Structure formats: structure tokens, C-alpha cells
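Based on these hints, arrange chain B on the given structure of chain A.
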Amino acid sequence: MKKIILSIFTSIILSVTSFSAFAKTEVVWWDLLGGGDGVRMASLIEAFERDNPDIDIVNSTLEWGPPYYAKLQTSAAIGEQPDIAIYHISRYQMAKGTNIFSPISIDELASVGITADQYYDAFWNKAKADDDGYLYGLPFDGPLYVMHVNLDMLEEAGLLDENGHPTGLNGDFDTFFAAMEKLQAITGDTPPLSYTASSQYTIYWWMLSIIKQIGGEIWTEDGGYCPGNECEIAMQFLADLVDKGYVNRNADGATEQGNFVSGKSAIYIDGGWNVPTHVDMTRKNELPFKYGVFKVPQLGPKMAAMLHGHTLVIPHSDVSPISDEKRAAVLRIMGWFSKNSLYWATAGHYIPHKPTAESPFYQNMWPNSGYADVGEVGFFEPNHPIFGIAGPTYDVMGNWFPGGVNGDISVEEAIQGAREEIESMM
Amino acid sequence: MNSNLQSNLTAWVLIFPFVFFFTVFLVYPFAYTVVHSFTDSPLIGWGNWVGLENYQKILKDKLFGKSIYQTFIFVAWTVIPNTVIGLLIAMMIHRIQSTIYAAIILGCFFIPHILPVTVVTDIWGSMTSNDLGIIQWIVKMFQDDPIPFFRHKVWAMPSVALITVWWTVGFNVLLFLAGLKMINPEIYEASDIDGANKWHKFRFITWPLIWPITALVLTLQLIFQLKIFDQMFLLTGGGPYNKTMVVLYHVYKQSFMMNKGGYASAIALLIFLFIIFVSVANYYMLRAVDLDKQR
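As given, the protein sequences belong to chains A and B, one line each in that order. Residue numbering for the first sequence follows this note's numbering, beginning at 3 and increasing consecutively. Residue numbering for the second sequence follows this note's numbering, beginning at 2 and increasing consecutively.
Chain A on its own, in the form it takes in the complex (with noise of 0.2 Å):
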């Protein structure tokens, strides 16, 4: 009996420590990546546990934009955060009073392979949580607005240099505009020039680069929100566009690149994000002209393009911290996807990792070359909690930009009509 009852003993004894050896640590992921770059995403997720047998990433993906964040937030107040969670960059600043983050020591990026010089300045500088070696999160990519271009009607308009690239569209808004004359002698009825006009979010994003470019700042500790005059300078052109009938007037997002792929305009200014969907359009041979994709146009002295960014992040709750074996696996995931985000490059969105993004397979990537260059030139909005994508600006913007651009109310009203309810923020 003693013995049937040893060798029972001894069979669960074996059989749990061999399940142990065997176990795997169980990582809960969260982001709110829909659509193309949900598809990569998760694929990117395969790719790592096939790499990595210890490891389950168990990822679920919510909606974007506040409900996100407001249920991360809710999540850690019970301790029951994600261990990685997907946020964006320019949100950082707004949600560190949170205690959101769990802050990443430069030692344990390093113990993963990842340092400082490996990232674009901007996108590091914008990560720090302080000057003493702590990230809120790793940068993982660079969303931006780009410049969809249908190189046959460019072409036609004398708008391509020998390189294939376009010309005449950089330097000023009277060149700009003047470009757009010549398109829409091509295009006929339909505007040549693509964008959604009715939305805040691809006004700003425009708008902050143009903004930029012409030598002024959204913000600045001393003048406020749109100090000097550039605001208006840069809404008052994209208010021209639409008043010259370069622009369709209320346009929404649908319609615009619907007329940008069906071949009738000749510019498209969007993100990066839908490059993915042109390109399988061409390889399907369903767009009717040659495609390429380019920085926003230069409309100043200098060059400046609004980045965006994703970032994976360790969210912190004081109920129940991350444990230390789960730490360990979040930095091996982040070391990872570090060093294998080519691929989401193909999602169109800039790779903020240097031997990455200057990789000559990234480099001559098609259609991404186009804006292969845009970490040196690249900027974030302010360091300010009120800024950040889905942020209390954005809802102020939404209530007062479009109307300005469309001709509802003057450039004037719109920007002043911002600053006040901003700065009432501040």
C-alpha cells in the first residue's frame, strides 16, 4: 500500500515539475490598432512566440481614442492593467499625473539590446520620463501625415522631375497654388487636391507642419497657444485652397480618397497609414495610374513634418505592480519589436530605429522612400499635458477648425476662438 501510495506521490510530483519546465509566461497585451495595422500587429504577435516558445502574448484590442485610454486607466485602479500596452507618444505628458506608466530604466532597455543612439533624437527626447535614464515607453513607430500622389497626372503637368519625384510644389503657397492650377486643368471637376477638410484631425496635422515650416510654434511657454501670427497664415491658406475650389468644400474623408483612387484628383494629403491599402491596389492592378507617396509639401523656409507615435509601455498599478518575471518578458518582447519592426513599416507608419529606418532595404522600400527621411525633420507636438492625439485640444480644434477652413466663420474667429478656450485650460 505504502508503495502504491509513493508511486502516486511521486508520478504528480514529476508531472507538475515537468508542466512547470514547460510553462509558458503568459503576457497580456493591449492596444487599439484597427484595421491594416491591427492585421500586422498581430502577425508581428505570431512572429515573436514562434521566436519566442516561452512567451504568450495574450493581445486584445479595444477602440481608439479615449475609451482606450480611459479603460487602461480604470484597469490599473483595480490591478487589472495589461503587462504592455500600446500609447501614443504625445499623450505622455498628459496622462503622467495619471501614474499610468511604470517608468523603463536605460538598464533594462540595455539588457535587451536597446540604447539611446539606436533612435531618432526627437522620438527619445519625447520617451524621456526624466534626464535620469527613465522612459514612460519605448518608441515603436512614427504615424505621419504624407503626400499620396498620382505620378501620371503630376507627369502631365510637368510637376515630375527627371527622378520622378515631384517638383514645383515646394517653396511657398503662391508655387502651391500654382501647381494646383496647372493639376486642375487635368482634373477638370473634381478638385485636384484631396483632403478632409471637415475634420480637426487632418486640419491640425497639416496645419502644425505648415505652421512649422513657415517659422512659428503651436504653443510656447511665453506666447501661449498660437502665438504670433503663423496659426492664421497657415489656416488662412488652407482656407484659400477651398475658396480657389482646389479643395472640395466640407470635404469628408471617404469621398476624398475615393476621388483620389478612383484617378479623378491628383494629390491625396492623408497619413502614411493608408499607403498599405494604395499598394495592394496596385498590385491588384485596380488604381488607374502610377502611385507614389512623398513628405508633405515644404510651404516655407524650412522643412517639417508632425510625427505621431506609437510606443509599447509597461502601465503601473499600485494595487498590483507587474511582476518581476513579467517585467523580464515585456523587455524581451520590446527588444524584439525593436529589432523586427521592418515589417510594420509596411503598414506605411516611420520606423523610429535607426539601423532600421536607415537600412537600405527600408531606404529603397517602394512607396515608403518617398518619406524614408522624415526622422531628421520630424517633430511632436509640445510638451504640455493639454496636447495629445484625442486630447482636450483636439475637441477644442474640432469645435472651431473646420468652420474656419470651410468658410462657416473667418480664419480669425476660428483661431482665436481655439486660443481662448485652450489657454481657459491651461
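Listed next, the in silico EDC-like pairs over lysine to aspartate or glutamate satisfying Cα-Cα at most 16 Å (straight line):
1. A:K26 / A:D56
2. B:K154 / A:D410
3. A:K304 / A:E378
4. B:K67 / A:E422
5. A:K26 / A:E51
6. A:K292 / A:E157
7. B:K244 / A:D410
8. B:K202 / B:E190
9. B:K63 / A:E422
10. A:K130 / A:E110
11. A:K266 / A:E158
12. B:K61 / A:E425
13. B:K61 / A:E422
14. A:K98 / A:D320
15. A:K26 / A:E48
16. A:K328 / A:E28
17. A:K184 / A:E158
18. A:K184 / A:E157
19. B:K154 / A:E415
20. A:K328 / A:E82
21. A:K246 / B:D146
22. A:K266 / B:D132
23. B:K63 / A:E425
24. B:K244 / A:E415
25. B:K202 / B:E187
Read the hints as simulated data drawn from the structure, not as lab findings. These numbers come from a predicted model, not from an experiment.
Coordinates of chain B only, in the frame set by chain A:
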């Protein structure tokens, strides 16, 4: 005594589920909101005790004043129109002799009410879409440019009000119809003998007898519309130029966007007390009118 104890016990057992959920999901969050309103807490978690500071801040908050004003504008656009239209439709259905036709028509008016708000706003968003919306097709008969209804300084509020009336009027129709069916047909027959015309019948029979229902509908509408949020969140985002910035949207903005949980709680608490006061006052005023009429 034993029987008393038993019946008390039975009563407590029966009401326990309600008391439990009422306490957990209403009393506790309410108490939490009251305490929060005296702190500078963020959206999640506790902050420092700041006394009446949040309430003092409300007095200086221009956007709060504007949001109260816009809420009343919305109430004006919806409460009485929704009640009047509901009554008219109910009277029309009440006159239909065929039960099947009456049921079909009632169904047509009631179906929007069972739709989720997201579906309602999607339907109207598509119908008013600049390029593909059927309403813009009508607009283009009169002018070249489409009207961005939910981003237009004049059209935004009336557009949301119209959608709200379309969405919710079915419920009022149902209440009025129930009221109309309660009126004894013999009263109308007697008035026929006295030579009353249609207007007399409405003015001196229908209207006084359904007044209690009207008072109920007006009060319910007032409560619903003072709490307007969903349609603004989904259709206008409070814009343009804060012309649809209603008070609950302001609370949402302060809490979820500005992370000011304490301040948002203070506004929410004031609104809660205000809605209770207005609703009770409104109901008793309307009932008083009713009692006068009965005399």
C-alpha cells in the same frame, strides 16, 4: 406577532435584490461622487480635499454657463415639440378604425425608439453625408454647396433636436394612445347630442382628460432632454463653436479628457440636484393646472 415577523421577513427577502443593486449601483456611486466633488481627484483615484473650491470654480467657468444655456436651448427644441407631435400622432392613430392598420402605423412610429442611439446617429449621418446623403440631394435642388448639418453654426442644434424627436416620439405616442383609449366614448356621444364640433371635443373633452398623461410626458421629456449627451457625443462633439456643448458633454470633457474627476463630479452633482428640482417643480405645477381644471 409571529405572522408580523414572517411578513416583514418576506418583504425584506423580496426587496433585497432591489435594495442590493440600488445600493451598489446608485447609492454608493452617488456618495462617491459627492465626496469626490470636494476633492481635486483625477478621473480615477482619490485627490486632496479642496472644500468648496470646485463649486467656486464652476461659477467662473464660462463654458459651464454656455453649456447650461445650450442645454436649455435643446430642451426648448425638443420637449414641447416632442409632446405635441406625440399627441397629434396618437390622435391620428386613435381615429383609425382598423386595428391592424393602427398597429402597423404605431409600429412605424415606435420602431425608431427601439434602435440604439449609435444606429440612429449612423442612419442620420449617412442621410446627411455631404456627397451621398439623400438629404443633400434635396439641398442641392436649392443651392450648390451641401449643408454640413452637424458642423453648421445654425443647423447643428436643430438637426440634433429633430433626430431626437424622430427617435423618441414613439414612446410618447404610446403613452398618449393609452390615455386616449381610457376616455369613455359615451362622453363624445353625449357631446355630439349637444352639438359639439371637433375643436370643442378636443378642447373640452380630450385635452382635459389626457392632461395627466400630458403632464407625465412633459416631465419625462424634460428629464430625458436635460440629460442629453449621446447624440451630441456621436454627431457634433459639442461643436461647432460650442453651439451644441450641453452640460453633460462638459462633464464628460472635464472628466475623460481633462482628467478632472473632482471638478466633473461637482458639476454632475449640481446638475443632478437641478434636474430633480426642475422635474418635481414641473410635475407639481402641471398637476396643479390639472386640479384647477377638474374643479
